[in-house]
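Protein chains: 2
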Amino acid sequence: MRAIELSYKENQPILDLTKDAALPERTSNQLLIKVEAAAINRTDLVAIDTGKLPKGNTILGVEVSGTVVESDSDVFPCGSRVMGLVNGGGYAEYAVMSLGNAMLLSDQLTFVEGAAIPEVFLTAYQTLFWLGELGPNQSVLIHAGASGVGSAAIQLVKQLTSAKIFVTAGSSDKLELCRSLGADVVINYHDEDFSKRVLTETTGQGVDVILDFIGASYWEQNLASIAYDGRLILIGILGGTNIKELNLMDLLEKRIAIKGTLLTPRSDSYKAKLTKEFSDKTTSLFETGYLKPVVDTVFSLEDVENAHQYMRSNKNKGKIILKIND
Amino acid sequence: MRAIELSYKENQPILDLTKDAALPERTSNQLLIKVEAAAINRTDLVAIDTGKLPKGNTILGVEVSGTVVESDSDVFPCGSRVMGLVNGGGYAEYAVMSLGNAMLLSDQLTFVEGAAIPEVFLTAYQTLFWLGELGPNQSVLIHAGASGVGSAAIQLVKQLTSAKIFVTAGSSDKLELCRSLGADVVINYHDEDFSKRVLTETTGQGVDVILDFIGASYWEQNLASIAYDGRLILIGILGGTNIKELNLMDLLEKRIAIKGTLLTPRSDSYKAKLTKEFSDKTTSLFETGYLKPVVDTVFSLEDVENAHQYMRSNKNKGKIILKIND
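Protein sequence lines, in the order shown, are assigned to chains A and B. At position 270 of the first sequence (counting the first as 1) the number is 270 in the UniProt record's numbering, and the numbers step up by one without a gap. At position 58 of the second sequence (counting the first as 1) the number is 58 in the UniProt record's numbering, and the numbers step up by one without a gap.
Because the hints were derived from the structure by calculation, they are not lab data. Wrong hints could be hidden among the right ones.
Where chains are identical, the list cannot tell them apart; a pair therefore holds if satisfied intra-copy or between any two copies.
Claimed, not checked - Calculated lysine-lysine pairs in the DSS-like style (CA-CA distance at most 30 Å, straight line): (1) LYS19 - LYS273; (2) LYS244 - LYS254; (3) LYS315 - LYS164; (4) LYS52 - LYS244; (5) LYS292 - LYS19; (6) LYS19 - LYS164; (7) LYS244 - LYS158; (8) LYS254 - LYS276; (9) LYS55 - LYS196; (10) LYS52 - LYS196.
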């Protein structure tokens, strides 16, 4: 089959398109899927940079959409259109997906849209509701609001709760997208200190939950923005990993929880539980169009390196997709 | 009434025994209690040192036991023996207690024992189960195992779960106490690096929950001791407040949650919910002696300053109590 394989020569990563990769082997609790589209994720870039491949798979890609071609399942028989997380192997013509990770892709959505859903919407759901414990009338600050996870998070908060949504982004068109998805207060981090704006808008109380992809460079502003009993959820570290100083008394007095998380390395049983709950709550919202995957650009499989470069430039609004079968 | 009142002269705190303090005023959802015993807590020392008094009350003391002398409640009629948290006002002959904070004191327990229960057992329960989400077959590291909260936490884990209990303490008699209460692995922090011992005993996995009263000086060893998906609960900062460096990638990769907490400043509704759940799960265990408050020393009300000095010396095993009515 056709696939993008990662190898290293003199410690330099090489992504090669091969036409004769071996078909992945399926167990009875997995589906074999003819992949139509796969999404690019930052975890792919981390894997390339560090050489730590998900489950050792030399084919990258942690989410796909496509058609089931081998199955022992009544829920997902051959011919089903599906989307879901995979443990690597997504940048390929065929991939195996655990039954627990599979979701039916409704006819209203294209395969490209389907590939844009699992990772970012599941991450947003998990961080907002499982880790963030966001209550219906609370408030949330979503950084990088126009990113894949950010745009998914805004929509989920808007459709599933009445919480107030604050977002940050770095350009007016990104902020415009955030507003169109449901953000209540949009903040251009180039123009103002987001913590001051958050405190002004919340009459000094701060927000209950922060979803942060930035890390060190936002640390102090995040702690200033958070309410008593607030939850700071760390999903990424685009702004650095090293905090120079942390005053534990701040955490005690404001009773703050700081929770780090990554979705990709988690167990299949965790992902299955998350997929089930997410799917139960959102399938009809995708069918009716209240929830929409945000797709920025579609690249061909051959063009994967340009797709990666584009993600590294941080210019995308929403997901970057690889179309496998043209 | 007799009470210990806190004042400041030239910024120096003064604790005076007065004989004519005003009786506290009771509302219909409070009890008036003739106090028999009050416990010393570290929050009292913090209040003295910072001048930040709980609810502005110049009489310290956040937990008491005694007899109800005024009540509108059928559950706690006049004459009931009770114990519970109060919002300051404990170092006195009479105190008011919110109905939600009151617990019946069983006849098997003395008033001195009753005063030794609420703060430490409620804090231990809250941090272990609400914040720490300790599972039945998980593992927990309890620092300062012979302290008030530490000794309560060991017993609660032992009686309510089958989790494995690691403790640290600084002397062999403290460790002996911990073992007698149910600790599985006792570690003298003077003799060894606790994180190495924890990793050895858990075949490198670490513990699921850490209850920490120490803070900065234990930070790195705590992060080294914690398992994937672990919860580090910060209750105190006896070892300093300032972390010099924090690598956020550690939090992400190990999916660690760090949660700061203090019980005293929380709302009455929070304390009432905690008191109710705690009381439901533990009343019979106190009656049968499976749970036992650990009392170190009993001082008279007049001797409050010596009681405080004793707590500051960190020599106590279990609670330090003020007997109000001799």
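Quiz item: Out of the numbered hints, which ones does the structure contradict?
Solution: 1, 5, 6 and 7
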